[in-house]
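Chemist: Modelling step: build the complete structure from the supplied sequences, incorporating the hints.
In order, the protein sequences belong to chains B and W.
So for the first sequence, this note's numbering puts the first residue at 1; every next one is plus one.
So for the second sequence, this note's numbering puts the first residue at 1; every next one is plus one.
Please note that the accuracy of each hint is not assured.
What the hints assert, rightly or not - Cβ-to-Cβ under 7 Å is the rule here; a few derived chain W residues that face chain B:
| id | residue |
| --- | --- |
| 1 | Thr51 |
| 2 | Glu353 |
| 3 | Ile368 |
| 4 | Thr404 |
| 5 | Glu405 |
| 6 | Thr426 |
| 7 | Asn474 |
| 8 | Leu476 |
Stated by the list, open to error - Only part of the chain B face toward chain W is listed, based on derived beta-carbon distances under 8 Å:
| id | residue |
| --- | --- |
| 9 | Val132 |
| 10 | Trp134 |
| 11 | His280 |
| 12 | Asn363 |
Because the hints were derived from the structure by calculation, they are not lab data.
Even for Gly, the Cβ is constructed at its ideal location relative to N, Cα and C.
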Amino acid sequence: MEEKLMSLKNDAVSLILDASDEKTLEEIKLQFLGRSGRLTLTLKEITKVPLERRAEVGSLANEVKQSVEEAIERQKQILKHQTIKVRKQTLDVTNPGIKPPLGHLHLITQAMEEITSIFDKIGFTRVRYPEVEWDYYAFTALNFPENHPARDDWETFFTTEQTDSEKGQIILTPHTSSGQVREMERSVAKLRELARERSETGVDGSKDKLYSGPDLSIRMLNIAKCYRRQSDVSHTQMFHQFEGLCVGENISIVHLKGVLDYFVKSYFGENRTSRIRPYHFQFTEPSFEIDVTCGVCLGKGCKLCKAGWLEMGGAGMVHPNVLTYGGIDPKKYSGFAFGWGVERVLMMKEGIEIDDLRLLYSNKLEFLEQF
Amino acid sequence: MDIKILDSHLREQLETNAKPMDIAKALSLSSASIERVEPFGKDWVYSVEVTTNRPDMLSVKGLAREAATVLPQFGYNAKLLPIKLAHPKKDTKDSVEIHVVNNDKLVRRICGIVLDVDKKESPQFVKDSLEAAGIRSLNNLVDITNYVMLEIGHPCHVFDYDRLKNHTLIIRESKKGEKIITLDKKEHMLSGGDIVADNGEGEIIDLLGIMGTANSVVTDNTKHILFFFDNNDPWRIRKTSMGLAIRTDAAALNEKGVDPELAMEALERGVALYKELAGAKVMSDVIDIYPGKVKSTTITVNNDDICRTIGVTIPIRQSDKILKSLGFEVEQKNGSLMVKVPSWRELDVTIPEDVIEEVARMYGYHNIPTELPPFKHAKFYHQSTNQFFWEQKAKEALKYWGLTEVYTYSTVSETMFEGPLDEAVTLANPLDVDHTYLRKTLTPSLLAVIAENKSFENVAIFEIANVYRKNKTNKLPTEIRTLGIVLKGKEGDFYHAKGLIEQLLSDIGITNPLWKDSDMGGIGAALYLDKVHVGDIEVMDKGLVTAELNFEETIKLATLKKTYTPLAKYPAITEDISFVLPQEIKTGDVIEEIQKQSTLIKEVSLLDIFEQTRTFHILYQSKERNLTTEEVGEIRKKIIGSVEMKFKGKVK
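Modeler: Spelled out as structure tokens, the structure:
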């Protein structure tokens with residue numbers, strides 16, 4: 001019996017070492033270890049072995065079985081490696097790969113995503129307000145007197161919709177600032193509702209008085225389409241702005257500078273810096289114009305910038321009249337706001353020297369597919 | 001508004017060791033933006049951007065005044081120098097009369113004087129200043145008026161005194177339809193309410209504050225001038241100037257409101273110049289009609305509020321010093337400053353915040369520290385109901401499936417508006433006919449993109465944007481967030497569009513879209529989610545398909561919720577059954593029918609269509625036991641039986 005087993009083992013191993021593919025190995029496995037395999041059948045004859053020798057023979061049989069199985073595995077691995085070597089030789093690594101599909105998001109979407117992410121991290125949450133808006137929210141509530149130049153025909157688009165006696169005409173909003181008072185109204189309403197639910201005393205529930213209760217904290221990011229009656233190489237009649245509004249207790253110019261610096265360094269890079277200068281807006285006091293150091297000369301001065309600086313946009317401390325329109329008591333709460341062009345910061349960052357801004361909205365595929 | 005000033009002209013009123021670039025930098029940081037400093041021969045010219053609220057800086061005097069205060073903050077010496085004025089005393093024996101009748105609702109102050117003059121060319125220094133400022137030099141008589149405006153900041157005018165009939169000026173409102181010919185020889189018809197001067201016979205001899213008229217302007221033969229200052233209602237000036245499209249420097253300055261206190265000083269400066277450059281002799285008394293004297297306001301500002309707004313502790317004596325250096329009169333009382341506003345800041349500084357701005361800008365914005373505002377509360381962020389989260393997810397899914405995002409205009413032309421025009425939210429003052437109506441649908445705009453890119457054979461584009469629906473009166477139009485898709489070329493067919501939408505819905509957790517035949521007329525389908533019609537697919541042509549989806553409505557059903565289903569204990573049995581079915585039978589109905597035959601049927605899907613034969617892939621599974629071939633056989637019989645009967649199909 002032992003001889004038979006050893007001879008089987010030798011046969012098997014010899015066949016295995018000769019095998020040149022996995023199919024052959026499978027056949028050998030069946031031949032020896034299958035239900036009617038040679039080893040299996042031989043093992044059945046173990047009953048013919050005298051009892052006292054059965055354990056010894058049995059142990060040898062198992063050893064043989066294991067050796068054959070291991071030999072098969074080893075050979076499988078060897079064959080695998082050979083296959084790889086062969087495949088490698090017939091592989092041209094410079095041939096094009098088969099790519100899955102990849103489309104493109106518009107540059108504006110990419111910019112808005114990045115801007116949103118940056119402000120997200122310091123607690124500014126994104127909102128959406130009407131594009132087609134009342135004159136009230138776009139101008140009146142932002143402290144524009146009735147005959148202010150900005151309302152005139154040549155900047156703002158008016159609709160033919162009926163005028164409301166209180167809210168004025170329906171227009172296409174020329175700036176994201178129209179979201180400021182809406183956000184304030186919403187925040188105040190929410191606080192009053194919560195107070196009513198808790199039936200707290202001490203919180204002024206009356207709608208007529210300005211909100212001077214606790215917990216008012218606004219951090220709004222409004223990114224939206226704006227419309228102005230201008231169309232040339234650096235203006236499109238539809239464009240995007242992003243507006244930030246921060247209202248709370250003791251919000252000051254220090255905080256405005258903080259948020260500004262955080263955004264500029266995050267979006268443009270830590271080798272860029274910003275500054276604020278006096279300016280004028282109806283809805284802020286003090287008002288500022290923001291400059292960022294030029295990305296090309298990094299502030300030293302060059303052909304593309306003004307003495308090392310590029311204008312980014314405007315900002316300011318929220319005018320007390322605007323807080324009042326928003327239903328907030330300016331004696332208790334203060335805030336700052338900023339409004340910048342998405343296209344503008346995009347151009348300033350990428351150094352995408354688009355010679356005509358209208359190209360961004362031309363939807364030429366050979367342009368869009370570059371990004 | 002921009003103003004251009006020569007460095008040499010500025011230094012006539014400002015003594016400083018600061019160089020032009022230093023002055024530019026200091027003023028930019030604290031007062032007004034100096035856009036450029038450019039050489040002008042041996043001189044320099046500053047291009048200053050002055051905001052609408054600071055007309056007091058639209059002159060050499062105004063800028064010198066600011067510079068004198070600002071420069072010391074930056075470590076330079078600076079001192080204001082006096083301007084050469086001439087007190088107008090009559091110095092001819094023959095004095096003349098001039099009658100001026102004012103309307104104090106229209107004009108706040110009138111100053112005037114009649115001079116005997118010699119008209120000639122202006123000297124170089126006048127020409128230089130005017131040229132730098134972009135004003136054309138004509139002759140000394142006219143040039144001095146522009147020079148004085150540039151220097152002091154109050155516009156003025158010269159009439160040929162001898163051409164003034166009756167030597168009378170009556171200030172009044174124009175009547176609608178009155179015609180005038182301005183000094184540039186253009187005729188204008190007035191709309192009424194404009195501020196004009198009448199010569200007493202109904203003839204208009206000046207369009208005050210904007211432009212003189214041809215019938216009273218100086219000519220080559222002028223020997224006597226009426227040197228005239230009028231301080232007008234800014235609102236009317238703007239209305240007239242814009243309405244008639246006459247945009248002069250004078251109008252641009254007047255519409256912002258000029259300090260009437262400047263008028264007399266400017267007149268005296270002018271007289272000095274006429275004496276120096278035109279041999280002038282004073283022929284009349286000075287006219288000064290001043291009904292609208294500046295009422296000085298006092299604003300009380302708490303120093304704590306100054307510190308709170310700026311975010312820096314500024315001691316009250318520092319605030320006091322800063323304000324005084326700017327020309328404010330200050331008194332302190334119990335931590336508050338009582339601030340009296342000077343005449344040239346009358347319209348600009350009216351509330352405490354305006355005073356705070358003055359302190360802040362002089363303290364130096366660059367000196368203010370930088371800190372993020374501290375958090376006390378935050379808006380709760382619920383990802384699953386956040387519209388921006390879903391929108392970005394959808395956009396990225398579409399991007400990774402090969403589509404390109406486009407941004408088309410919200411306003412469209414008549415042909416691109418889908419529907420009767422009286423349903424459109426319409427612009428009253430569009431820029432062009434292609435952008436007049438707010439669109440109700442996205443598809444036409446997207447098809448226009450396809451047309452613009454004809455050279456591309458295979459195109460897949462999308463856009464998520466608002467469409468606009470007119471609403472009842474007194475309500476804003478409804479804005480609906482919409483997804484539009486266009487597929488062109490190899491994959492520009494119905495099934496690719498359907499698959500794309502279903503996959504998109506699946507990615508946002510919506511797994512039960514219902515497709516029905518479109519009732520829009522063309523070839524396509526209508527999509528229903530929970531019985532709401534949310535969108536449509538339309539086959540436009542061979543190789544061109546469009547889809548439009550109410551994204552807003554769709555994301556109401558979007559969900560990230562995942563529920564765990566325990567893994568199947570018992571294996572499934574699958575098989576394919578083919579049926580020959582008439583063309584008009586809908587696959588969806590067959591699947592529904594098959595599914596009805598047993599609860600053990602877990603999945604039915606269409607595997608293949610070949611000519612008239614449809615092959616269905618069926619999966620049987622039980623949660624409790626292993627299914628036997630007999631059981632499955634029973635169910636199969638039922639399936640075959642019902643399909644053959646209901647749909648007249650034949651099993652293969």
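Chemist: Under 8 Å, Cβ to Cβ, is where B/Asn363 needs to be relative to chain W, so tell me if that hint holds or is violated.
Modeler: holds (4 Å)
Chemist: Would the hint on W/Thr426 be counted as holding, given a Cβ-Cβ threshold of 7 Å to chain B?
Modeler: holds (5 Å)
Chemist: Holds or violated: is there a CB of chain B closer than 7 Å to the CB of W/Ile368?
Modeler: holds (5 Å)
Chemist: Does W/Leu476 meet its interface restraint, that is, does its C-beta lie within less than 7 Å of any C-beta in chain B?
Modeler: W/Leu476 check passes; min Cβ-Cβ to chain B is 6 Å, inside 7 Å.
Chemist: Does the CB of B/Val132 sit less than 8 Å away from some CB of chain W?
Modeler: holds (5 Å)
Chemist: Tell me if W/Asn474 is really an interface residue toward chain B, meaning its C-beta lies closer than 7 Å to one of theirs.
Modeler: For W/Asn474, the interface hint holds, since the closest Cβ of chain B sits about 5 Å away, which is under 7 Å.
Chemist: Per the CB criterion, is B/His280 less than 8 Å away from chain W?
Modeler: Holds, because the Cβ-Cβ distance from B/His280 to chain W comes to roughly 4 Å (cut-off 8 Å).
Chemist: Answer holds if the nearest beta-carbon of chain B is closer than 7 Å to that of W/Glu353; otherwise answer violated.
Modeler: Interface hint status for W/Glu353: holds (4 Å vs cutoff 7 Å).
Chemist: Hint W/Thr51 vs chain B: min CB-CB distance below 7 Å?
Modeler: Status holds, d = 4 Å.
Chemist: A closest beta-carbon separation below 7 Å is what the hint needs, so does W/Thr404 meet it against chain B?
Modeler: holds (4 Å)
Chemist: Does the CB of B/Trp134 sit less than 8 Å away from some CB of chain W?
Modeler: holds (7 Å)
Chemist: Is the interface hint for W/Glu405 satisfied, with its Cβ closer than 7 Å to some Cβ of chain B?
Modeler: Because about 4 Å separates W/Glu405 from the closest Cβ in chain B, which is inside the 7 Å limit, the hint holds.
Going down the numbered hints, you'll see the structure goes against none, and every one checks out.
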